[in-house]
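**Q** Quick note on numbering: the sequence shown equals residues 1168 to 1231 in this note's numbering.
Derived from the structure by calculation, the hints contain no laboratory data.
Straight-line alpha carbon distances no greater than 20 Å define the calculated SDA-like cross-link-like pairs of lysine to any residue that follow: (1) 1188 <-> 1178; (2) 1188 <-> 1199; (3) 1188 <-> 1176; (4) 1188 <-> 1200; (5) 1188 <-> 1198.
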Amino acid sequence: MSAVPYRRTFVRLLGFLAPYKASLVASTVLAVLSQAAAIAIVVLVAEAIDGIEERRGTGTLAWV
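Kindly generate the complete structure, drawing on both the sequences and the hints.
**A** Written out as structure tokens, the structure reads:
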């Protein structure tokens, strides 16, 4: 049995994505932005909770 040339097969299959290149790039960018927004929400909520715990007042909560 010979080894299957996975890399060559993968590169050949990528050729089928050529008509959808713009959609693929757009969906990848949107997926990255979505994950960045999810992380930003966690950071902002953590900052608000820390601000309230440190008794900085409700101004921090209004900021979020």
